[in-house]
Amino acid sequence: MKKINSRPASLKEAPFHYCPGCGHSIVHRLVAEVIDEMKLREKSICSLGVGCAVVAYKYFDVDTVEAPHGRAAAVATGIKRVRPENIVFTYQGDGDLAAIGTAETLHAANRGELITVIFINNAVYGMTGGQMAPTSLVGQKTTTSPAGRNPLKEGYPLKFSEVLALLGGSSYLERVAVNNPANIRKAKKAIAKAFQHQKKKSGFSVVEILSPCPTNWRMSSVESCRWIDEVMTKVYPLGVIKEKKC
Amino acid sequence: MKGTIHIKQELCKGCSLCMEFCPKGSISLSKKLNLKGYFLAEFDDKKGCTGCATCALMCPEIAIEVYRG
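Note that the protein sequences, when read in sequence, are chains A and B.
Numbering-wise (numbering that gives the first Met the number 0), the first sequence opens with residue 0 and increments by one.
Numbering-wise (numbering that gives the first Met the number 0), the second sequence opens with residue 0 and increments by one.
Among the hints, erroneous ones may be present.
Computed cross-link-like contacts, DSBU-like style, restricted to lysine-lysine with a CA-CA straight-line distance of at most 35 angstroms [unchecked claim]: (1) Lys31(B) <-> Lys241(A); (2) Lys45(B) <-> Lys2(A); (3) Lys1(B) <-> Lys45(B); (4) Lys185(A) <-> Lys46(B); (5) Lys45(B) <-> Lys233(A); (6) Lys23(B) <-> Lys198(A); (7) Lys35(B) <-> Lys188(A).
Which residues of chain A face chain B? A few of them, derived with a C-beta cut under 7 angstroms, are [claimed, not checked]: (8) Arg6; (9) Phe15; (10) Ile25; (11) Ala181; (12) Lys185; (13) Met218; (14) Ser220; (15) Leu237; (16) Val239.
Simulated from the structure, these hints should not be mistaken for laboratory data.
Ideal Cβ positions, reconstructed from N, Cα and C, are used throughout, including at glycine.
Bound-form chain B, shown alone (with noise of 0.2 angstroms):
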């Protein structure tokens, strides 16, 4: 695996913008809820990632840290 990413699930408002971009698929809706009462966005790393950061961009909460490795 050459990257991976982690979600704070605290900033997350589930608007599911870096899943429609995510060239790989790996993020999806989960049906865990956080504080605010969003569905969190959710990573599956057996879908594998290249750490290209996309989702990082897209994210309007900065809620996405990408690890490249």
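If we strip away everything but chain A, and leave its shape as in the complex, we get (with noise of 0.2 angstroms):
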């Protein structure tokens, strides 16, 4: 019989250290393919948000840089501006590029940076415990809304990449899931067409990734996919979102 899977080469041999369920070792597997697929291992350079994927470097075999907390964008703007012949790609989560990151964020899409942003969103602070994010549902419970966000004192949930869509210099949105095969294999194409922008320089492209986070949401993994589906895309409806012509 012959083996028709193997572990992507962009990745180490190092076990994830994430919960069970966790959606961002799918994605790092995904991210590792797309670069794998398209011969950029030499070229990658990432630039890591704060938060549970603040190690990401002992698992992606690329070049890697880790920023301060939500500044990933702003460091790999200068990465890129000085080394534009490589592919540079930050990789967030939420609570970093959403909350203590919007400004930087947000200015880096408005410039049209070439660079890629892969955006982890799990409606949830995972790494610090399952607070309340900028991104959590109304009426989610968390640790710091135990009684359900209430949008009246603590907002709504913000959709950041249609914030983004509407800047001239950004090229390239999708929102994607990793919650189950077909939407995963999406993913992937999400992925691997954001750094086809980049190549053409079209401008800045981002791939959101609804990524389930089981621990902080209560849930069997099971069940935090099938939540995906019935409550998160209802908030966060997946599909282009923008696309320029490149």
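Now that you have both chains on their own, put them together as the hints suggest.
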């Protein structure tokens, strides 16, 4: 019998530290597979945000830079301007990108920096224990909103990709999920497309990935995959949000 | 049998995603623990395997190797 799958070469052998059922590990694999397939391993530079994926340099076998909290897009801007021949991407969670990093990400998009942002949206602050994030849904129970998010006090879920789509510099924005096999395949295609947009210098590209966080959602892995389908995608609809011709 | 899988015990975290999405229902949660203390996923070849690799696609830990013949 022939082996039909193997660990991507752009992922180191280290076992993931993420919780059982976490979407981060799936996205790591997809990014590594795309890097392998597009032969970008020697050319890629990753700028990492702070969050559960803060130690992704242990897993990605590409050059990585650890950015200050929320500033991954700003660090990536510097790298890309100095080394325009490289493919530069950031890997950030929603607490990093949509909260503390709002300004940096927004302005990088508005300037049309030629970088790709892999934006993991799990609607909570995962690493610090499941606090409410700007992306938390209305009524979602978290450790800092035990009665559910109240929009009158805490505002509404921040649809950051839609905000970025309004800016002239953004080129490709797609929201995908990693909760079932079909969506995982689509997510991989979206990541590959975002890298293509960067290669063709068409502008800022973002792939927002709805990712399960079973531990902080207080659900089983299977329940959290269902919750993405039944609840989360109603607020964050999947699909291409903006695509410039390139 | 068209396919088979091998689950790397030291990587599996027993998250059950492979079991949920296996079209044949050939994977189940065993009562065995690995070194990290997780219950392991177990492959039952009696129920058959088409080698579709859906389990490997879903597995967050890249713990499943799929063989097709």
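Verification of the hints:
no. : hint                   : in the structure
1   : Lys31(B) <-> Lys241(A) : 48 angstroms, violated
2   : Lys45(B) <-> Lys2(A)   : 20 angstroms, holds
3   : Lys1(B) <-> Lys45(B)   : 12 angstroms, holds
4   : Lys185(A) <-> Lys46(B) : 29 angstroms, holds
5   : Lys45(B) <-> Lys233(A) : 40 angstroms, violated
6   : Lys23(B) <-> Lys198(A) : 41 angstroms, violated
7   : Lys35(B) <-> Lys188(A) : 34 angstroms, holds
8   : Arg6                   : 5 angstroms, holds
9   : Phe15                  : 6 angstroms, holds
10  : Ile25                  : 5 angstroms, holds
11  : Ala181                 : 10 angstroms, violated
12  : Lys185                 : 12 angstroms, violated
13  : Met218                 : 12 angstroms, violated
14  : Ser220                 : 4 angstroms, holds
15  : Leu237                 : 18 angstroms, violated
16  : Val239                 : 22 angstroms, violated
Checked against the numbered hints above, the structure violates hints 1, 5, 6, 11, 12, 13, 15, 16; every other hint is satisfied.
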